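> Sequence:
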Amino acid sequence: MAEEFTIGGVSVAPGETRRIELPVVRLYTGTDMAIPVYVKRGKKSGPTMFVCAAIHGDELNGIEIVSRLINSRSLKSLRGTLIAVPVVNVYGVLEQSRYLPDRRDLNRSFPGSAKGSLAARMAHVVLDEIVSKCDYGIDLHTGALHRSNLPQIRANLDDQPTRDMARAFGVPVLLNSTLRDGSLRQAAADLGVRILLYEAGEALRFDEFSVRVGYKGIINVMRHLQMLPQVKKKGNIEPFIARRSGWLRATDSGIVNHRKRLGDHVLEGETLATISDLYGEELDRVTCNADGIIIGRQNIPLVQEGEAMFHIAYFHEPHEVAENLGLLQDSLLPGENF
1 MAEEFTIGGV
11 SVAPGETRRI
21 ELPVVRLYTG
31 TDMAIPVYVK
41 RGKKSGPTMF
51 VCAAIHGDEL
61 NGIEIVSRLI
71 NSRSLKSLRG
81 TLIAVPVVNV
91 YGVLEQSRYL
101 PDRRDLNRSF
111 PGSAKGSLAA
121 RMAHVVLDEI
131 VSKCDYGIDL
141 HTGALHRSNL
151 PQIRANLDDQ
161 PTRDMARAFG
171 VPVLLNSTLR
181 DGSLRQAAAD
191 LGVRILLYEA
201 GEALRFDEFS
211 VRVGYKGIIN
221 VMRHLQMLPQ
231 VKKKGNIEPF
241 IARRSGWLRA
251 TDSGIVNHRK
261 RLGDHVLEGE
271 TLATISDLYG
281 EELDRVTCNA
291 DGIIIGRQNI
301 PLVQEGEAMF
311 HIAYFHEPHE
321 VAENLGLLQD
331 SLLPGENF
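For the sequence shown, counting from 1, position 333 maps to 333 in UniProt numbering; every step adds exactly one.
In short, the hints are calculated from the structure, not lab data. Check before you lean on any hint, since a few could be wrong.
Calculated lysine-lysine pairs in the DSS-like style (CA-CA distance at most 25 Å, straight line) [claimed, not checked]:
#1 K260 with K232
#2 K133 with K44
#3 K44 with K216
#4 K133 with K43
#5 K133 with K115
#6 K133 with K40
These figures come from a predicted structure and were not determined experimentally.
Make the full structure from the sequences, and use the hints.
In structure tokens:
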């Protein structure tokens, strides 16, 4: 293992744990701002992996996942180096907003520039100080405001090592997701860093199931990468790769009565929700166009025509996916429902 490992001008030796602040642009009040970074190095050599949360400032589940990770007793046996960033978009978290103060999306601003916009400068710091020093990464996200996502992994599943990481994570739903220009995933891939994107829960909410699945999944990946010792598993949750996915949209505006929940196995032609006017008269029904699993859902009972309502993933064996979701829930939250 290399003796020298430096982030933000701070050296971390094997066996050490450091909390580092990466300076970013000050507020106009003159208040200093910094990205908090936790670095833990094992005494023995191994891969370097980052885990980051809140690139979008209203996506909070990842903050709790990182908190549980860095306080886990499992890390006493760490090989290699873990870099954990509980909050990337510090400005967005302050404002409880997805975006930066200039309304730019940080996850569309990579690789960034040291002399560009606020978003470009932050992206440059994250890429240069953290991502470029890693072999692997896990980027933690949630659904948007008033929209929940079922725990799922999105990644380049055409790459076998990345697919192996995704399977090791231990969620039933895997999506083969193309890289988006300007995203952290795209920038990491350009540097040869293999990365998973974990999606779960709703913006501005803690969801215990999503947090537990995320924490357990990261530990699973670290064991797969031999950063942590292997343990004998009681039972494996078999992941399934979705053939495709898509959103069902409202064909009218009105009041929504949801009939289906996240994780439900739905059949072609089945009613997922009804849309009514203010007097209770039914205007339309949202029906499924093929058998699948609900992996995303709009939660607010108000809808405009054209608005996305249900995200459906389509599998060859959707009933088996639904069964595995039930097994995962029972193992982490026994006796509770989604």
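> So which of the earlier hints does this model not fit?
Violated: hint 1 alone.
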